[in-house]
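Can you make the complete structure from the sequences, with help from the hints?
In the order they appear, the protein sequences are chains F and Z. Sequential numbering from 21 applies to the first sequence in this note's numbering. Sequential numbering from 28 applies to the second sequence in this note's numbering.
Among these hints, one or two may not hold up.
[What the hints assert, rightly or not] Some, not all, of what chain F presents toward chain Z, calculated at C-beta under 10 Å:
id	residue
1	174
2	181
3	187
4	195
5	201
Since the hints were derived computationally from the structure, they do not count as laboratory data. Idealized CB from N, CA, C, for every residue including glycine.
Okay, here's what each chain looks like letter by letter:
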Amino acid sequence: MVVRRLWLQNFRNYAFLDLQPARGLNVFFGPNGVGKTNLLEALSVLATTRSPLCERDREWVRWQQATCGLKTIVYHEVTNATTTLELSVIGAEKTLKVDDARRSDLQQWLGTLQVVAFFPHDLSIVAGDPGERRRFLNVELSKAQPTYFHDWTQYRRALQQRNALLKMRQRTSLGEWDAQLAHYGCRLMVKRRQFLMELAPLVRDTHAALSGTDVPLSVTYAPSLPCARSDEVLDLEEKFLQTLRKNFEEDARRGITHVGPHRDDLAFRLGDMDLRRYGSQGQQRLAMLGLKIALARWVERTTGESPLLLLDDALSELDASRRRCLLRQAQSFPQAMLTSADRHLCDGVDATFFEVRDGQVQQA
Amino acid sequence: MRYARPLAQLIEQLEKLPGIGPKSAQRLAFHILRASQEENQRLATAILEVKAKTRYCQRCFNFSEEDLCPICQDARRDQSVICVVADPRDLTAIENSGEFRGVYHVLQGLLSPIEGVLPDQLRVRELIERVKSGTVKEVILAMNPTVEGDATALFLSGELKPLGVKVTQLAMGLPVGGDLDYADQVTIARAVAWRREI
Ligand SMILES: Nc1ncnc2c1ncn2[C@@H]1O[C@H](COP(=O)(O)OP(=O)(O)OP(=O)(O)O)[C@@H](O)[C@H]1O
Ligand SMILES: [Mg+2]
Ligand SMILES: [Zn+2]
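Given below as structure tokens:
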């Protein structure tokens with residue numbers, strides 16, 4: 021898909037913006053603090069109605085303003101049609117319009133603009149604690165499959181209920197909560213494993229193209245229930261249930277459930293090296309860029325449409341040859357947007373350049 | 028601007044009601060202020076009487092004015108089929124579908140350890156007594172398809188099955204994670220028709 025036009029009103033440091041991005045690669049350059057990241061954040065908000073950079077919607081409303089509006093026209097090559105998305109925030113209320121018709125159901129909005137974004141804070145997916153990696157799994161799988169989101173919320177609820185029961189040191193009705201946990205937990209584990217199976221080869225290939233070396237990057241599912249790793253286990257739900265029963269004494273003593281998808285992790289390895297512990301900054305960054313671009317290819321494969329690729333400050337910390345590889349990858353998408361404080365990092369690249377200056381964007 | 032004290036007091040009380048924000052509370056208060064004395068008397072009496080005159084049906088634990096609710100008293104209803112619901116609102120939703128001719132049992136909640144609700148806090152023992160009394164052939168579990176609803180249904184079927192009664196679950200066609208109360212009547216009618224054994 022291609023974003024034909026973007027309007028912003030009172031979004032972060034943009035009082036008003038009317039932008040017409042080009043097909044292919046768009047490069048936004050300008051000094052620190054002028055609004056480059058904000059621009060990519062706005063497109064992410066239009067994709068999901070939430071910002072990947074902050075919890076509270078209030079934060080992206082321009083200071084001293086009560087209302088904020090984002091609007092875009094998206095062109096879909098597959099259907100040769102355009103869709104207009106409009107999101108406005110008035111006080112605490114958010115309204116969504118698709119092609120000028122008001123929508124109260126988020127499902128009717130999601131998917132219109134598919135975005136895969138890399139922001140520097142995504143480095144925590146490889147460098148941070150396991151919760152960051154689970155969040156990555158939960159967010160990406162929920163975007164792709166509404167049923168995953170349902171399974172996940174049900175699982176979390178069942179987990180809270182079971183833990184409450186453990187704290188009371190109660191055994192009556194424990195079996196019923198174990199059954200709920202096993203049912204939804206098993207669905208989560210199967211979906212996560214399947215996702216990783218599809219994603220891993222894409223990550224390996226993308227990373228190879230980015231790094232220009234043949235040391236492979238592997239990403240594997242590291243479930244807290246070890247047998248969930250293999251797809252040969254047919255009775256996973258039963259196995260999880262048995263584990264819950266077996267762990268009762270220890271779980272009751274600690275008042276928490278210590279095995280299950282809420283303790284899952286992902287393992288990133290470069291060759292034999294644990295990338296989280298031993299990887300350099302540049303290696304970790306390249307791995308995350310590989311992961312995100314692979315994710316974009318996965319979205320393309322599962323939805324039949326290329327997502328918009330957003331790369332915020334992706335070039336820094338990379339050497340010249342890897343920068344070239346990354347730019348080449350970005351150019352292979354129908355549309356990509358990249359920010360950089362240094363225009364010269366993209367010298368000679370076939371792209372449309374925009375200069376950003378304190379909430380103003382001008383084609384350069 | 029501050030309202031006169033009696034008006035402010037009324038707004039304050041109305042605001043405590045579920046689903047009523049400050050704006051709706053003001054609107055209701057002004058409406059009451061403009062209404063006739065008789066109308067307001069009827070409203071006030073209704074509010075006072077609902078608590079004083081409503082109790083639980085001794086058999087099904089639905090709200091009732093007498094010892095037995097109208098459904099339990101109704102000789103045309105099939106006393107051998109009991110539909111188990113979490114609360115009276117769900118009962119009303121199923122009644123409105125007009126499909127069900129048996130009787131009910133209101134659990135008065137769902138299992139939820141977070142809120143301290145274990146089987147003993149629900150009308151489970153009373154249900155088992157009813158089934159043990161012998162005339163019951165089938166129990167239909169009609170809980171919302173939430174984790175709490177499913178855990179409760181699972182628990183009840185574990186308790187009831189050994190008593191030799193047929194246990195079915197009303198689950199087909201209900202919106203996932205939804206509220207039985209909100210499900211439209213066609214869906215509920217279909218769900219009653221499609222109940223499956225668990
Ligand atoms: N809600 C808001 N209202 C107004 N201005 C805001 C708001 N939130 C952030 N800003 C301003 O936006 C600017 C930051 O913009 P942004 O993060 O996009 O910069 P950038 O161009 O990406 O810079 P860098 O090169 O350092 O990454 C800051 O100057 C900040 O003051
Ligand atoms: Mg930035
Ligand atoms: Zn009754």
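Chain Z contact restraint for residue 181/F - C-beta distance below 10 Å:
5 Å, holds
Min Cβ distance, residue 174/F to chain Z: is it shorter than 10 Å?
5 Å, holds
Against chain Z, is residue 195/F within 10 Å by beta-carbon distance?
8 Å, holds
Once the shortest beta carbon distance from residue 201/F to chain Z is found, is it less than 10 Å?
Hint on residue 201/F: holds, closest Cβ of chain Z at ~9 Å, below 10 Å.
Given a cut of 10 Å on the nearest C-beta pair, is the interface hint for residue 187/F held or broken against chain Z?
8 Å, holds
The structure shown violates none of the earlier numbered hints.
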